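J.: Go ahead and model the full structure; you've got the sequences and the hints to work with.
Going down the list, the sequences are from chains A and B.
For reference, each letter of the first sequence is one residue, going 1 to 85 in our numbering.
For reference, each letter of the second sequence is one residue, going 1001 to 1154 in our numbering.
One should not assume that every hint holds.
What the hints assert, rightly or not - Calculated pairs, DMTMM-like style, for lysine to aspartate or glutamate (alpha carbon to alpha carbon, straight line, at most 20 angstroms):
id, chain 1, residue 1, chain 2, residue 2
1, A, K53, B, D1141
2, A, K53, A, D43
3, B, K1125, A, E48
4, B, K1125, A, D16
5, A, K10, B, E1132
These aren't lab readings, by the way, just hints derived from the structure by calculation.
Since the structure is predicted, the reported quantities are computational estimates derived from the model, not experimental observations.
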Amino acid sequence: MEIKILFFAKLREAFDVSQEVIVIADTENKISDVLNVLRHRGDVWKRELDENKPFRIAVNQEMVSDDVLLKNADEVALFPPVTGG
Amino acid sequence: MSVRVQIEDFDVSQEMLALRKKNPKVGAVASFVGVVRDLNDGEDVSTLELEHYPGMTERALELIVNEAKTRWDIYDTLIIHRVGALQPLDQIVLVIVTSAHRGESFKACEFLMDYLKTRAPFWKKEQTSSGERWVEARASDAEAAERWTQGEGS
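T.: Here it is, written out as structure tokens:
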């Protein structure tokens, strides 16, 4: 299935990409599977998406804190803690 | 309810008038304006660049407003948040709440700001005399938002 991934702020700059589409197996359809695909790219990906980093995750424009299941064409966003206001 | 994410500046008194329109039931209008400062964490700030997540940002703000409406008896709300490049002295955010009595609108206004700062996807990048840097989230903002989940804000 295809998952659209968006990156914002510090992560967008670190990865030098604002969005991309990745293909994952139907059996590996959790947020953690997507993160592992990205981490496997090594270097800055591994570093910025380390479990100890405080990045946030949104699925279809809603913040999630659990390892939710994804479906085809879902939109996943990865970004640092927000700093508006 | 109105939520606006925009590059343009805003006129506070004009927005206040528009929000209470000619509703004679409104007895209180509380507002908050956030302004860009020229100093943050010991560094001179010359420009502040605001990034957001189009779609999710507006949606997150609407959810926050709905949450305020379930907690307090308020009539109407307006949130304007600017994005793009801002300089010190510029207005960055406006929250206005109308209600019959002041207690409701004061509390809802503070709640909206506390939740906005921790739940709405905006990110600030500062240009300082020693280069650019992304602003880090503050623990004090998280604590301010946390108060409302512990019954203190009701």
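J.: Would you mind marking each hint as holding or not holding in the structure?
T.: Hints versus structure:
1. Restraint check: the Cα-Cα separation between K53/A and D1141/B comes to about 19 angstroms, which is no more than 20 angstroms; the hinted pair holds.
2. For the hint linking K53/A to D43/A, the alpha-carbon distance of about 15 angstroms falls within 20 angstroms, and the restraint holds.
3. With a CA separation close to 18 angstroms, the supplied pair K1125/B and E48/A stays within the 20 angstroms bound.
4. Restraint check for K1125/B and D16/A: the C-alpha separation of about 16 angstroms stays at or below 20 angstroms, so the hint holds.
5. A threshold of 20 angstroms between alpha carbons decides the hint, and for K10/A with E1132/B the separation of about 11 angstroms falls inside it, so the pair holds.
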